[in-house]
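Given the coordinates of chain A, work out where chain F should sit on it, guided by the hints.
2 protein chains.
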Amino acid sequence: MAKDMTLLWGSGSPPCWRVMIALEEKGLKGYKQKLLSFEKQEHKSKEVLEINPRGQLPAFKHGNVVVNESYAACMYLESQFRSQGTPLEAQSAGEQALMLQRMFEGQTLQQKLSDVNYYTWHVPEAERHDSALQRNKEALVTELQVWEKNLQQAGAGPYLAGKSFSLADVIVFPVIAYAVRFGLSSERYPFLGKYYSLLKDRPSIKATWPPHWLENPQGMDTLKDL
Amino acid sequence: MAKDMTLLWGSGSPPCWRVMIALEEKGLKGYKQKLLSFEKQEHKSKEVLEINPRGQLPAFKHGNVVVNESYAACMYLESQFRSQGTPLEAQSAGEQALMLQRMFEGQTLQQKLSDVNYYTWHVPEAERHDSALQRNKEALVTELQVWEKNLQQAGAGPYLAGKSFSLADVIVFPVIAYAVRFGLSSERYPFLGKYYSLLKDRPSIKATWPPHWLENPQGMDTLKDL
Numbered sequence: 001m002a003k004d005m006t007l008l009w010g011s012g013s014p015p016c017w018r019v020m021i022a023l024e025e026k027g028l029k030g031y032k033q034k035l036l037s038f039e040k041q042e043h044k045s046k047e048v049l050e051i052n053p054r055g056q057l058p059a060f061k062h063g064n065v066v067v068n069e070s071y072a073a074c075m076y077l078e079s080q081f082r083s084q085g086t087p088l089e090a091q092s093a094g095e096q097a098l099m100l101q102r103m104f105e106g107q108t109l110q111q112k113l114s115d116v117n118y119y120t121w122h123v124p125e126a127e128r129h130d131s132a133l134q135r136n137k138e139a140l141v142t143e144l145q146v147w148e149k150n151l152q153q154a155g156a157g158p159y160l161a162g163k164s165f166s167l168a169d170v171i172v173f174p175v176i177a178y179a180v181r182f183g184l185s186s187e188r189y190p191f192l193g194k195y196y197s198l199l200k201d202r203p204s205i206k207a208t209w210p211p212h213w214l215e216n217p218q219g220m221d222t223l224k225d226l
Numbered sequence: 001m002a003k004d005m006t007l008l009w010g011s012g013s014p015p016c017w018r019v020m021i022a023l024e025e026k027g028l029k030g031y032k033q034k035l036l037s038f039e040k041q042e043h044k045s046k047e048v049l050e051i052n053p054r055g056q057l058p059a060f061k062h063g064n065v066v067v068n069e070s071y072a073a074c075m076y077l078e079s080q081f082r083s084q085g086t087p088l089e090a091q092s093a094g095e096q097a098l099m100l101q102r103m104f105e106g107q108t109l110q111q112k113l114s115d116v117n118y119y120t121w122h123v124p125e126a127e128r129h130d131s132a133l134q135r136n137k138e139a140l141v142t143e144l145q146v147w148e149k150n151l152q153q154a155g156a157g158p159y160l161a162g163k164s165f166s167l168a169d170v171i172v173f174p175v176i177a178y179a180v181r182f183g184l185s186s187e188r189y190p191f192l193g194k195y196y197s198l199l200k201d202r203p204s205i206k207a208t209w210p211p212h213w214l215e216n217p218q219g220m221d222t223l224k225d226l
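Here the protein sequences come in this chain order: A and F. For reference, each letter of the first sequence is one residue, going 1 to 226 in UniProt numbering. For reference, each letter of the second sequence is one residue, going 1 to 226 in UniProt numbering.
If we strip away everything but chain A, and leave its shape as in the complex, we get (with noise of 0.2 Å):
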């Protein structure tokens, strides 16, 4: 039981959604934990700002241990709760630097992502240009091709790692299921359309699904024809 965990969070936010991955993983159930609405703000609220003065979700607590970062708090999760649960640090020196390679890369994904989805959100109207959009979009492409081909190559997969389930997966496949959410075509991504398959039913996953894709399973289509 994890009684003396604290978790905010938002539903379909990435960030949020690898942390309660990794807590599933981890065997650590029960924690305390409220859904919060990004759309009236409450990621500002006053219990928010307690825990993460950045007013930004997760807001994660274990005992008097602040952790908001949700990167920081999948690392520190594993590190503290090694022996429990799912193994998530790769083993071998090669495929450790692959876990750590990969995780990092997420970054840049669900950065473009970001800079696609969240165009009009980000960019006041006065300052938009089509021509900038589009270039996000094309360099939204050329990522999702690098890991389209790093999933292809030889003796890789079927998690993003390797052999095992890692890290990795626990950071990076709601990156991933947020674009497949928003339309992303598994005909022009078959490795990641197959990768996502791979996942999606895992328990952990399935116990953490953002309810309010469950609500409403039919997602965007902004990605579609990218």
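Among these hints, one or two may not hold up.
Heads up, the list lumps identical chains together, so a pair's fine if it works in one copy or across two of them.
[To be verified] Subject to a maximum C-alpha distance of 20 Å in a straight line, what follows is the list of computed PhoX-like cross-link-like pairs (lysine-lysine):
no.: 1; residue 1: LYS44; residue 2: LYS163
no.: 2; residue 1: LYS149; residue 2: LYS44
no.: 3; residue 1: LYS46; residue 2: LYS137
no.: 4; residue 1: LYS32; residue 2: LYS200
no.: 5; residue 1: LYS112; residue 2: LYS40
no.: 6; residue 1: LYS149; residue 2: LYS46
no.: 7; residue 1: LYS137; residue 2: LYS194
no.: 8; residue 1: LYS44; residue 2: LYS224
no.: 9; residue 1: LYS163; residue 2: LYS29
Everything labelled a hint here was simulated from the structure, so no lab data went into it.
Okay, now just chain F, sitting in the frame of chain A:
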């Protein structure tokens, strides 16, 4: 000796510099290394692409193990050479959480610095807006104030994760030094200034100081009014 390691790097790049600091701290001397020029586009050369298909520096190889993402490389080096040189991982749960938290907050600092310093580099002329650059500057000031506050908390410091030098310092110091190089005022940001002074003469940092900063000790003043 670390003759089975190769590092291709660029001068003044925080991602390259942090890997060099990690190598020094772990006592890994004598690695093969080559200084390349971003200006001459040498990071897009065949030599780099063979190790790092993204055409970015650092490009780093240990035997057959490739790990180019700079955070990944630093964490890999600590993990593979744990008992050698300076221990770079905090021990207690609280220190470990703080170390990880600061490491990842460091990415936000680096991003916001880049959004100001490289604005004209990243945004084509026809898409530039004074309002956007102004917003980026305000976001950077807010971020710098977060770091000031972190460093002045009761019991904080002198290092980023507390009493010991750790991966958080290896990773974030180059970003802070970069801000100082571009004119950050130690009057307006005294805790960042103090932190910079504490670390700038540390042997691992002095030994890896960007050579073109040594040649030309006077930096630019882009950030002096922030």
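A quick look at each hint next to the structure:
For a Cα distance limit of 20 Å, the shortest separation of LYS44 from LYS163 qualifies neither inside one copy, at 40 Å, nor across copies, at 32 Å. Taking CA atoms no more than 20 Å apart as the test, LYS149 paired with LYS44 passes between copies only; the shortest distance there is 19 Å, against 39 Å inside one copy. Proximity of LYS46 and LYS137 under a CA criterion of 20 Å is satisfied in neither setting, with 37 Å inside one chain copy and 26 Å between copies. Neither within a single protomer nor between protomers do LYS32 and LYS200 lie at most 20 Å apart by alpha-carbon distance, with minima of 25 Å and 43 Å respectively.
In this assembly of identical chains, the alpha carbons of LYS112 and LYS40 never lie at most 20 Å apart, being 25 Å within a copy and 26 Å across copies at closest. In this homomeric assembly, LYS149 and LYS46 come within 20 Å of each other (Cα to Cα) only across copies, at 18 Å, whereas the closest approach inside a single copy is 44 Å. Taking the shortest Cα distances, LYS137 and LYS194 never come within 20 Å of each other, neither inside one copy (22 Å) nor across copies (42 Å). Taking the shortest Cα distances, LYS44 and LYS224 never come within 20 Å of each other, neither inside one copy (32 Å) nor across copies (31 Å).
Within a single copy, LYS163 and LYS29 get their C-alpha atoms no closer than 26 Å, and across copies no closer than 33 Å, so neither meets the 20 Å cut-off.
Hint compliance for this structure: hints 1, 3, 4, 5, 7, 8 and 9 are broken, all remaining hints hold.
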